[in-house]
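Chemist: Sequence:
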Amino acid sequence: MHDILELIHTRRSIRRYEARPVPAELIEQILEAAIRAPSAHNRQPWRFVVVEGEAAKQRLAAAMGERLRNDLAADGLPPEFIERDAGRSYSRISAAPLLVVLCLTMADMDDYPDERRSRNEAIMAAQSVAMAGQNLMLAAHALGLGSCWLCGPLFCPATVRRALGLPDDWQPQGLVTLGYPAQKKEKTRHPLGTRVLYR
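By the working numbering, the letter at position 153 of the sequence shown is numbered 135, and the numbering carries on one by one without gaps.
In short, the hints are calculated from the structure, not lab data. Backbone N, C-alpha and C define an ideal beta-carbon position, used for all residues, glycine too. Treat the hints with care, since some could be wrong.
[As the list claims (entries may be wrong)] Derived Cβ-Cβ restraints for the label pairs, each shown as a range: (1) Ile(-10) / Leu136: 22 to 28 Å; (2) Glu(-12) / Thr176: 22 to 28 Å; (3) Pro173 / Gly126: 29 to 35 Å; (4) Gln40 / Pro20: 32 to 38 Å; (5) Asp151 / Arg2: 40 to 46 Å.
Taking the hints into account, I'd like the entire structure generated from these sequences.
Modeler: What follows is the structure in structure tokens.
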């Protein structure tokens, strides 16, 4: 099997990591791979926030957890469920050796006078960031690291911006946890035939 296909087939979402830090040179290699992704109009609307300090991780995890608690309470869910869910979210973020928050900016994207094209331009930017995120995770896997994409920032972008002091035009799209894996996982997929149409 070709190396890239092997990486794609063997990558897993890892949620438990060893305590050792990720070396700076590996972080740079991973980010260099991320920015090689294709992007709409080649505008490269991705922005990355590398979070390695314990105080910053705790601050982000606490802020996102508080927002999650408020949202779940507004849904009318029982307190024990809320605490379990918020606690799981907090530990996944705070316990990871390294976080990369993936953001997009519309600063260099095309500007349209109508809502339809403006909406689609924003989707194009989000797709570009997602492709950079996949590159990032495959590069991490190639370098012996595990990763997991968390979508939580989409539900609380202002909270993430405040917690990390981000520029106003940086729109958080996802959060990737990174580190040396402390677990082995198998990955299942639905049969290809149930997900494809040929015409």
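Chemist: Do the beta carbons of Glu(-12) and Thr176 sit within 22 to 28 Å of each other?
Modeler: For Thr176 against Glu(-12), whose Cβ atoms are near 24 Å apart, the range 22 to 28 Å holds.
Chemist: For the hint 22 to 28 Å, verify it against the beta carbon of Ile(-10) and that of Leu136.
Modeler: 24 Å, holds
Chemist: Go ahead and decide if the range 32 to 38 Å is satisfied by the Cβ distance of Gln40 to Pro20.
Modeler: Given range 32 to 38 Å: holds, Cβ gap about 35 Å.
Chemist: Per the hint of 40 to 46 Å, is the separation of the Cβ atoms of Asp151 and Arg2 within bounds?
Modeler: 35 Å, violated
Chemist: Is 29 to 35 Å respected by the C-beta to C-beta distance linking Pro173 and Gly126?
Modeler: Taking Cβ atoms as reference, Pro173 and Gly126 lie about 31 Å apart, which means the hint holds.
Hint 5 from the earlier list is the only one contradicted by this structure; the remaining hints agree with it.
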